[in-house]
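Chains B and C: place on chain A using the hints.
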Amino acid sequence: MKLPIRKIFSIFAVSIIACIIGCGKTDYLAEGIKIGVAEALTGPIAKYGVPIKNGFTLAAEEINAAGGINGKKINLVVDDEQGKKEEAINVFKKFIHKDKVLAIFGPTLSNSAFAADPTANAAKTVVFGTSNTADGITAIGPYVFRNSITESDILPEVVKMAKNKLNLKKVAMMYGNDDAFTKSGYDIFKKAVGAEKLQVVATETFAKGDIDFSAQLTKIKNLNPDAIICSALVEEAANIVLQARKLGIPANIHFIGGNGFNSPKLAEIAGNASEGIINGSPWFLGDPNKKNVAFIAAYKKKYGSEPDQFAAQAYDALYIMTEALKTLKFTGSLEDARTELRDALAKVKNFDGVGGNFSFSENRDAVQKARVLIVKNKKFTIYSE
Amino acid sequence: MSDFLISFWQTYNTLFYTIFIHGMLGLSIYLTLACGLLSLGNAAFMGIGAYTSALLTMKAGFPFGISLIAGGILPSMVALAIGIPTLRLSGVYLAMATLGFGEVVRVVLLNMEITGGSMGINGIPQKTELWHLVLIMGIIIFFFIRLRDSKYGRAMEAINEDEVASSVMGIRTTYFKVWTFTAGAFIAGVAGGLNAHFTYFISPREYGFEPAVDILTFAILGGTKTFWGPIAGSAILTVLPEMMRFMGPYRLAVNGIILLLVVLYLPNGIVSRGTFISLKKLFSERKSNA
Amino acid sequence: MFYQQLANALALGAVYSLFAIGFTLIFGVMEIITLAHGAVFMVGAFAGYTAATKFGLGIIPCLIISMAASGFIGFVLDLVAIRPLRKKKFHHLAPMIATIGCATIITSIYQGIFGAEAYRFPFDFVPNENYEFRGIQLTQLQLTIIFTSFILMIMMIFFLNKTKWGKAVRAVAENSRTGALLGIPVERVYQFTMIISSSFGGAAGVLTGLNFNTIHTFMGGPILHRGIAVIILGGMGDIRGAMAGGLILGFAEVLSVAYISSDFRDAVSFGLLFLILLIRPSGIFGKKIERKG
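So the protein lines, in turn, are chains A, B and C. Counting along the first sequence from 1, when you hit position 84 you're at 84 in my numbering, and nothing is skipped either side. Counting along the second sequence from 1, when you hit position 242 you're at 627 in my numbering, and nothing is skipped either side. Counting along the third sequence from 1, when you hit position 42 you're at 717 in my numbering, and nothing is skipped either side.
Careful: at least some of the hints might be erroneous.
[As the list claims (entries may be wrong)] Restricting the straight-line Cα-Cα distance to at most 30 Å, the calculated cross-link-like pairs of lysine-lysine (BS3-like) are:
#1 A:Lys246 / C:Lys764
#2 A:Lys301 / A:Lys329
#3 A:Lys190 / B:Lys444
#4 A:Lys191 / B:Lys444
#5 A:Lys124 / B:Lys536
#6 B:Lys536 / C:Lys764
Just so you know, these hints were derived from the structure itself, not from any lab.
Bound-form chain A, shown alone (with noise of 0.2 Å):
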């Protein structure tokens, strides 16, 4: 009855010393060049986190054996923000005020990003996101920066392009509503179908954590439409994909999704089901440019999985830190640096990355030529005219 009391207040007192012993620090780069990492490393959003973790671990123990930045080592410092909001603010301030970073990379999802990010702006300290892809997160300042291509630059030109390749006259819609990165997806998708004259014959939603649709997709069934346009999660999404076809809705009625499709789980979950699946994304994991292919054989020897998207613009977005850091000088205090850094990363331009060219526009969001993609022999390859 005595002991495990006496181990609780141990605990306590020694998270006590440890949080005082950690807030003494003054020199900045005594570590380092410090960076600190805010995503979801435990719940149910450590799907997404973790690859995004893997990636900035990836580029940074890459670019240090290459000698640092300027032969500054970079430091990152990783912490975990759960996917909730609260948490991402705690995790930001801890960084911005007691770790004392230079910049924020996170958080995992936009709706953390809106209650987090305003903190790193009011602090002047740059946060960058990797894979928040709602409308308005860069209008919360000018310190926010994000290389995750919003959809409302794929999205389009993925569904004019099936369109005209699959002469489409009616499509189906299904979405995730409960979730802020599959509901923006589908109301660029709504847009494209408007511009593009298609007659939607359903529009079907479901829930984050769902696995059953087929009481969604036998409606659509039965309505006989000509694609089935999808915003999804993957897990989501390879799921509808497996339904719908055992419910016998034909291979020839192609499935097109949003960003939430370009993973490799879609191919190991759906199998065969995932042939026809047709995405739009900057990067994608057949793509035979010469950074990629070591990208992936690097991410493959160290994590011994195949990287996902999110890992990808990690590992792209700590190498576009880096061009901004090596013009940094670093002779004034941590708040000047900060500010320098910010200017520094809004010049950088023609990047040349595992997702092809990359340049922050003027609102400091990703411009990045979007291809779009097919899946064949349940793996994405470029979808030619």
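Using the frame of chain A, we list chains B and C on its own:
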């Protein structure tokens, strides 16, 4: 030292704000628990309050104080409307009905135009300051102290002990139950409004099933003998995950272990006689060791 | 389309029922809502997955292994979190909070082992054949799932009604003190109830993982939420009620998608629950609650 304090405050001020918010939520569920009612609708009431006050400050330009009060009134009106039919349910059935109600609220928030659906509302101006929280918490605590020694407080205690007997004694049980339910919704709504005005952003998924269970955990872990219990429970459960950061990936597991140990060794909550006995034992053992 | 939707609802509802009967049995016997039942469900699914992929076993051995694994977790849960709190003077919700702690620990450990991503059973685990019957598409998998669920549920009812242990469980559920006076080892019955209920939760996990091709660490969340709805709908502690409740929820979800709007699916099913409770305060099949003096 002052540098240290400033940097400490800058780092952890949101955490302190959250302790206050969670404390209010803990108290809001304590009100109904003190009447023997297990209501899990407080997360939904918090959501209604958060959306109401955020929309009033952003779209209608109301002053913060007024939108905060409105954020308390609307949930309590909803509570009044659903409370009259549901509060005759007992135990887990009431818990489930209120949980079902919460689910309906969440789905409605998801599908309304003005609430922004799953995208939520972002760019809510930051209006909540520490003194607001201290003041409101002070008022609530004052109210609870007065309540404890009043006719109302004694009636609630009687209903909690034995509902049938107290109704035979002439206590208007339904009246008191609806009253506590409504007052609890008011507190939760205000807490929601305060929360929305320092986190810049709200979305429906913050007010679903898990937060509802979390709020109950605050109260039960803290103890429901006095209203200090839920306050202590909320503070501990809010600070704990932050303190456990150094545990890295094992953070959640450690949280779970601590929760389990506290419940096992102090099953009546942290603010209970069990704690004093354990502390006594702990210190007497220290002495005998020395 | 209507008949196809009914078939969809049946496959969904069967798994809800299977999950809920263990859940409701625990409540009936021990008067505890164990919020770790979702975690137990996940443990069962992963045990079946591991058996299938690492050892290449078939569906029946996989089910048995997963029921054993989740039954063991149930035993541990009882030992660690529930039994120590079984004294009456404690707050009656304390065991529930303890099970929340356990659920967090179990899911964290599993996340440590398997990560957060989704897994699936091998593609040819159950022969992939489609049956068409008057325009209704049914896969062999769906038939297997419906069939297995009902066999398991019938076994449970048979066990409770016909065997000595089953009768002891029912006696304790009725009144534990009388049970003890009659010489029933009440503690053992509690332990046994946790084991058997958890193993049913685990079986539901395997079947869900099979049917919907997703096994991941957090799969217990949504079903726990629905499981609570099902057992309330059916009347707390009532096995047949839980079976019917699972099917009703399955039908309510599918039909609200088919004929109302998928936007409001959860609002319809939980709103329905809310209304049912207003009309019948102890669930559809629940007996009128009598106050214990």
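Taking the hints in turn, this is what the structure says about them:
no.	hint	verdict
1	A:Lys246 / C:Lys764	violated, 54 Å
2	A:Lys301 / A:Lys329	violated, 35 Å
3	A:Lys190 / B:Lys444	holds, 26 Å
4	A:Lys191 / B:Lys444	holds, 26 Å
5	A:Lys124 / B:Lys536	violated, 55 Å
6	B:Lys536 / C:Lys764	holds, 27 Å
Comparing the model with each numbered hint stated earlier shows that hints 1, 2, 5 do not hold.
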